[in-house]
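Undergrad: Given next are the chains, with one letter for each unit.
2 protein chains.
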Amino acid sequence: MIRVFGHLAPDTDSTGSAVIWAWYLSQVQDTPAVPVLLGTPNTEAGFVLQRWNVAQPEIIADVAAGEPVVIVDTNNPAELPPSINNADIRAIIDHHKLVGGLETKGPIDITLRPLACTATLMFDLMGADAEKMPREIKGLMLSCILSDTLEFRSPTTTPHDRAVAEMLAADLGIVVQDYAAEMFAAKSDVSQFSDAELLRMDSKTFDVEGKKFRVSVLETTAPQVVLDRKDSLMATMQTVAAEDGADQVLLFVIDILREEATVLVPNDLVKSLVEASFGAKVSGDLVVLPGIMSRKKQIIPNLKL
Amino acid sequence: MIRVFGHLAPDTDSTGSAVIWAWYLSQVQDTPAVPVLLGTPNTEAGFVLQRWNVAQPEIIADVAAGEPVVIVDTNNPAELPPSINNADIRAIIDHHKLVGGLETKGPIDITLRPLACTATLMFDLMGADAEKMPREIKGLMLSCILSDTLEFRSPTTTPHDRAVAEMLAADLGIVVQDYAAEMFAAKSDVSQFSDAELLRMDSKTFDVEGKKFRVSVLETTAPQVVLDRKDSLMATMQTVAAEDGADQVLLFVIDILREEATVLVPNDLVKSLVEASFGAKVSGDLVVLPGIMSRKKQIIPNLKL
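Chains as they are written, first to last, in the UniProt record's numbering: chain X, 1 to 305; chain D, 1 to 305.
These are computed hints drawn from the structure, not numbers from a lab.
Just so we're clear, the structure is a prediction, and the values are computed from it rather than from any experiment.
You may find that some hints are simply not true.
Given that identical chains are not distinguished, each listed pair holds provided it fits within a single copy or across any two copies.
Keeping only pairs whose Cα atoms sit at most 25 Å apart, straight-line, the calculated DMTMM-like set for lysine to aspartate or glutamate is [what the hints assert, rightly or not]:
(1) 281 with 209
(2) 296 with 124
(3) 304 with 259
(4) 281 with 207
(5) 281 with 247
(6) 105 with 247
Isolated chain X (complex conformation):
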């Protein structure tokens, strides 16, 4: 039995893509496979599973040596189970940059494409077999694309991501605008999370000129709810950074509807980083970056000190 999983801190694409590919392997390719998660899915992913009546996959802490696995939506060993390089990796399907660090024991299927969403790539890999997807798998695929593209607003969106999503929505009789609003409302409900949980929820670590930054984003249609907590969030940044071995946590609150990011600025390090990276002038402990929505395409490539 092959276990299919995405990255730690599973979002909609990591959760949905694992379910989609496990369906494809077991139902179309006659290769027994089961989706699993590397943590609790975020509130949007949880909503999506419920909406399409898909059971939440089992959460696992690690993989066994020699266990057959398929990795989706990441190729970064830091976002994968600790023993990943001892597993029998059968395939990797992803849309992120190649990070380096994963190894396979033999030649396997690896497909990385510069698309907004892993699920779009899966649609392509399935070819004519995509027609066999049952309603709930199509629903997950649509949800993944709407999530990763922020309803086609993110600059990572390609015409192909959009075309696949619109075809699926038409097929399912789903009004994209209404459904995306429901998904984003689920994602925006962060009341149940502690400050530390918020800072780690959608977070990746990057090195900038010798310093280690945990770059966290919160995509929301209700940014004020988060910004009202800015004092305690900024205080917690120091704890989280220390616990996670980072020099600094950066928090980008992405306003999906206004298409802008608000960055919390707790100290001079973050102030100079934001000014150098985005040409912004910072006064006070918040700065708005108009048009900034994508960590992958707009934040990470620009970070400098």
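Following the hints, complete the assembly by docking chain D onto the known chain X.
TA: Same frame as chain X, now just chain D:
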């Protein structure tokens, strides 16, 4: 202008695939591209270029920072230009195991498949555009597949590699058996090479339980020509290992027609490695391993001390 290249010490697949993909990018995708080589092509690759009247690509020593490149037939930074991680890697097309170590600045097209040959994968990636290949590009593609599969004898051969090659041969009016014999004769003519050149010609470095082995293969239809030089080859192994920072050079002389490998056994380290890895009993300085033809599939996965 994108430079397309394969690995150091270019063989037929690394040379041919670079030419094939540069043709595809520039002629079909309207993306200016040129093939280059990271060294002198081996005698088989040289024969193939001449046979199809394709000019030998320029040989380069390194890539410039930010230069756009496409990597074919390897994903191993040790087999690529020293500055590869500073280049603008646009795509990777390969059929080897994922080694780890390459990084890209953003998400790009990466396709690795467990096929015998990179050129077969290129045929698939082209889709319907493969029909547009001119005669010399089809000829190179056929040559790459016959080379990497040792005319379908290697256990790496998939039915798909064979089907593509047979379709191309029929299209070109080429008798596979005759043409493969010409290619292998070109590869078997090693008279012009020094012992050190022979040991480095088709060679990859691997770690086995903390020791570094340079694993060299020589595919030939005339193994006796090589084995007649065994004493000087074994003496030269020590020099080559020292110069290249390896603990030991292993030389597998692959008899393409008899489908077996002969290993040179210069010392007790190699003796115990061959006995442990292949269950063979070694007496003397040569040992024959029946059926062993593929470094990727049969040699590397079995190496142990």
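Undergrad: Reference check for the pair residue 281 and residue 207, CA-CA at most 25 Å: within, between, both, or neither?
TA: Close inside one copy (23 Å), not across copies (52 Å); limit 25 Å.
Undergrad: How would you label the pair residue 281, residue 209 (within, between, both, or neither) given a Cα cut-off of 25 Å?
TA: within (21 Å within a copy, 55 Å between copies)
Undergrad: Cα distance capped at 25 Å. Does residue 281 pair with residue 247 within a copy, between copies, both, or neither?
TA: within (22 Å within a copy, 57 Å between copies)
Undergrad: I want to check one pair: residue 304 and residue 259. Are their C-alpha atoms no more than 25 Å apart within a copy, between two copies, both, or neither?
TA: Within. Shortest intra-copy distance 23 Å satisfies the 25 Å Cα cut-off; inter-copy 56 Å does not.
Undergrad: At 25 Å max between alpha carbons, let me know whether residue 296 reaches residue 124 within a copy, between copies, both or neither.
TA: within (22 Å within a copy, 29 Å between copies)
Undergrad: If the cut is 25 Å between Cα atoms, do residue 105 and residue 247 qualify within a copy, between copies, both or neither?
TA: between (35 Å within a copy, 22 Å between copies)
This entry satisfies every hint, going by the numbered hints stated previously.
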